[in-house]
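> Full structure from sequences and hints, please.
Residue strings, one per chain:
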Amino acid sequence: AQTVTQSQPEMSVQEAETVTLSCTYDTSESNYYLFWYKQPPSRQMILVIRQEAYKQQNATENRFSVNFQKAAKSFSLKISDSQLGDTAMYFCAFMFSQGGSEKLVFGKGTKLTVNP
Amino acid sequence: DARVTQTPRDKVTEMGQEVTMRCQPILGHNTVFWYRQTMMQGLELLAYFRNRAPLDDSGMPKDRFSAEMPDATLATLKIQPSEPRDSAVYFCASGFNRYTQYFGPGTRLTVL
Numbered sequence: 133a134q135t136v137t138q139s140q141p142e143m144s145v146q147e148a149e150t151v152t153l154s155c156t157y158d159t160s161e162s163n164y165y166l167f168w169y170k171q172p173p174s175r176q177m178i179l180v181i182r183q184e185a186y187k188q189q190n191a192t193e194n195r196f197s198v199n200f201q202k203a204a205k206s207f208s209l210k211i212s213d214s215q216l217g218d219t220a221m222y223f224c225a226f227m228f229s230q231g232g233s234e235k236l237v238f239g240k241g242t243k244l245t246v247n248p
Numbered sequence: 003d004a005r006v007t008q009t010p011r012d013k014v015t016e017m018g019q020e021v022t023m024r025c026q027p028i029l030g031h032n033t034v035f036w037y038r039q040t041m042m043q044g045l046e047l048l049a050y051f052r053n054r055a056p057l058d059d060s061g062m063p064k065d066r067f068s069a070e071m072p073d074a075t076l077a078t079l080k081i082q083p084s085e086p087r088d089s090a091v092y093f094c095a096s097g098f099n100r101y102t103q104y105f106g107p108g109t110r111l112t113v114l
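Residue numbers (the numbering used here), protein chains in the order written: chain A, 133 to 248; chain B, 3 to 114.
Honestly, I wouldn't trust all of these hints.
[Said to hold, decoys possible] Pairs of lysine to aspartate or glutamate, EDC-like flavour, derived with a Cα cap of 20 Å: (1) K235(A) x D58(B); (2) K240(A) x D88(B); (3) K80(B) x E46(B); (4) K235(A) x E70(B); (5) K64(B) x E85(B); (6) K235(A) x E46(B).
[What the hints assert, rightly or not] Below, a sample of chain B positions facing chain A; criterion: calculated Cβ distance under 10 Å: (7) T33; (8) Q103; (9) Y104; (10) R110.
Keep in mind that the hints were calculated from the coordinates and are not lab data. It should be emphasised that the depicted structure is a prediction, and the values quoted were computed from it without experimental measurement. All C-beta atoms, glycine included, are put in the ideal place defined by N, C-alpha and C.
The structure is reproduced here in structure tokens:
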């Protein structure tokens, strides 16, 4: 079974500092995609960053970057220069193909609070 | 700025009533997903369409839930009859390839 584990239910960080959110996954697939989604209080799910498993280079999007360790099945998200607007639930997700269709499995989420 | 739209934003209904949720995917997107989010289960995939054809609805309770795409601009998720355990936020997402999904704002359903 494909599973995604986020071991930190809640985290907090001071504005302008750096924070890292953890995510591990379990799969026997060799080709898959990993995502981090942000869900602010508005409840809109927003794609933050995406990583293809076949790429060794870690993805980066402005202040957001990932540390992808394929052998360890780890996919952590680093937020640099944290801003108040980063306060949200963050979900790690894993996508794989099965039977001709794609499935996206989400972790339980990490609630991040950025303090002024 | 293209977005996925969902209606209604919030819905309160009584047990046994029919509920229909609607989604307008982003123009040009050929895949549509329905998800359900609850505190206990988190986000679960209910159904998945590609080019309007259902590819996977294994996550959906078949006895009361149904999902359709009458045309490329509309996807519907229907619950009949609704039960209190169906209370959740239902998300629609669309994409133009298998690796990118854009989510709508969700429909918060409360079944009393």
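> Each hint: holds or not?
Status of the hints after comparison with the structure:
Restraint check for K235(A) and D58(B): the C-alpha separation of about 9 Å stays at or below 20 Å, so the hint holds. Note on K240(A) and D88(B): the hinted pairing holds, with a Cα-Cα distance of about 19 Å set against a maximum of 20 Å. As the CA atoms of K80(B) and E46(B) are separated by approximately 16 Å, the hinted pair is consistent with the 20 Å bound. Note on K235(A) and E70(B): the hinted pairing holds, with a Cα-Cα distance of about 18 Å set against a maximum of 20 Å.
Simply put, K64(B) and E85(B) have alpha-carbon atoms about 14 Å apart, close enough for the 20 Å limit, and the pair holds. Straight-line distance between C-alpha atoms of K235(A) and E46(B) comes to about 10 Å, which keeps the hinted pair within the 20 Å bound. A least Cβ separation of about 8 Å between T33(B) and chain A falls short of the 10 Å threshold, and the interface hint therefore holds. The restraint placing Q103(B) at the interface with chain A holds, with a minimum CB-CB distance near 7 Å, inside the 10 Å limit.
Because the smallest distance between the Cβ of Y104(B) and any Cβ of chain A comes to about 7 Å, under 10 Å, the interface hint for this residue holds. Look at R110(B): its Cβ gets to within about 8 Å of chain A, closer than 10 Å, so that hint holds up.
The earlier numbered hints are all upheld by this structure, with none contradicted.
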